[in-house]
Structure formats: C-alpha cells, structure tokens
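Visitor: Just so we're aligned: 79 in my numbering is position 6 of the sequence shown, and the numbers increase by one with no gaps anywhere.
Derived from the structure by calculation, the hints contain no laboratory data. All residues carry an ideal CB built from backbone N, CA and C; glycine is no exception. Hints should not be assumed to be uniformly reliable.
Label pairs and their in silico Cβ distance ranges [unchecked claim]: (1) H205 with I177: 44 to 52 angstroms; (2) Y151 with G98: 32 to 40 angstroms; (3) P75 with F115: 46 to 54 angstroms; (4) A189 with V164: 30 to 38 angstroms; (5) K181 with D87: 44 to 52 angstroms; (6) I206 with Y113: 27 to 35 angstroms; (7) P75 with H120: 53 to 61 angstroms; (8) H120 with K148: 18 to 26 angstroms.
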Amino acid sequence: MPIRIRVTLRRLSDSQPLRFLVTGGWNTAFSYISLALLYYFFSKRMHYMVILVIGAVINITNAYICHKFFVFRTKGNYVREYLRYYVVYSVPMALGFIAFPVCIELFKMNFYVTQALLTVITVLISYFGHKHISFKGDSYR
Numbered sequence: 074m075p076i077r078i079r080v081t082l083r084r085l086s087d088s089q090p091l092r093f094l095v096t097g098g099w100n101t102a103f104s105y106i107s108l109a110l111l112y113y114f115f116s117k118r119m120h121y122m123v124i125l126v127i128g129a130v131i132n133i134t135n136a137y138i139c140h141k142f143f144v145f146r147t148k149g150n151y152v153r154e155y156l157r158y159y160v161v162y163s164v165p166m167a168l169g170f171i172a173f174p175v176c177i178e179l180f181k182m183n184f185y186v187t188q189a190l191l192t193v194i195t196v197l198i199s200y201f202g203h204k205h206i207s208f209k210g211d212s213y214r
C-alpha cells in the first residue's frame, strides 16, 4: 500500500468523531435490523413495548462494545462505564418509550418508520453524552 494511503488511513483512524460516525452507522444498522427482526418474529406473542426493552438491552450492549474499543479506546472499568453508558442512553430510551406509543397509537404511524425517526434523535444525543459521561477520563489519549 502506498505511503500516502497509509498516512491518510492513519489520520482517519485517529479521528474520534470519524470513528464515532463509522461506528454509528454500524450501530444504527445493527439496531434497526435487530429490532425489526425481534418485532417480526415476536410481535404476535409480545407487546411491542416488551420487544423494545429486549431490543434496547441487545443494542445498547453492542453499541457499548463498539464505542469502548473502537471509538473512545478506553481502558477504564467495564462495569462503571457500562452503567454510565446506560445513564446516557436513558434519555433517548425514555424518549423512545414515550414517543413510540404516541406515534403508533395516536398518530397511527408504522412501527418501522417510527423506529427510523427516533434513531436520528438517539444519534444526536449519544456522541456528546458518551464522550463526556460514559467514557469520561478513561481514554488512552
């Protein structure tokens, strides 16, 4: 690989906001697909709010692992960071638990469309919350 390409790739990998954006793309796709699959397979047996809770645990755990090791590259305490991670996500989760029923029951919106709209809000809140709360003071750099 030519030196210029290696240098460019190195600079990109050193950019925390860029790593967050790449990870955010993965987390968004993973979250949307996993929640859609949970809904598809279990919606006839479970209320969508139960599916949201199960999906939240799966998706937040996936996002925590990606953010810890790829974005913020921390060496801090796993349990402490994981709990702080949930604190940051409690805001968009609470918003989602309120907005989902409003969008679905009141406005008769489609489950999948509602999920996509609320994903945008989660992304906007999460970067600064994780940077300043979840992984505060535990980064390698």
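Visitor: If a hint holds in the structure, say so; if it doesn't, say that too.
Guide: Against the structure, the hints come out as follows:
no.: 1; hint: H205 with I177: 44 to 52 angstroms; in the structure: 33 angstroms, violated
no.: 2; hint: Y151 with G98: 32 to 40 angstroms; in the structure: 24 angstroms, violated
no.: 3; hint: P75 with F115: 46 to 54 angstroms; in the structure: 50 angstroms, holds
no.: 4; hint: A189 with V164: 30 to 38 angstroms; in the structure: 19 angstroms, violated
no.: 5; hint: K181 with D87: 44 to 52 angstroms; in the structure: 47 angstroms, holds
no.: 6; hint: I206 with Y113: 27 to 35 angstroms; in the structure: 34 angstroms, holds
no.: 7; hint: P75 with H120: 53 to 61 angstroms; in the structure: 56 angstroms, holds
no.: 8; hint: H120 with K148: 18 to 26 angstroms; in the structure: 40 angstroms, violated
Violated hints, in rising order: 1, 2, 4, 8; the structure is consistent with all others.
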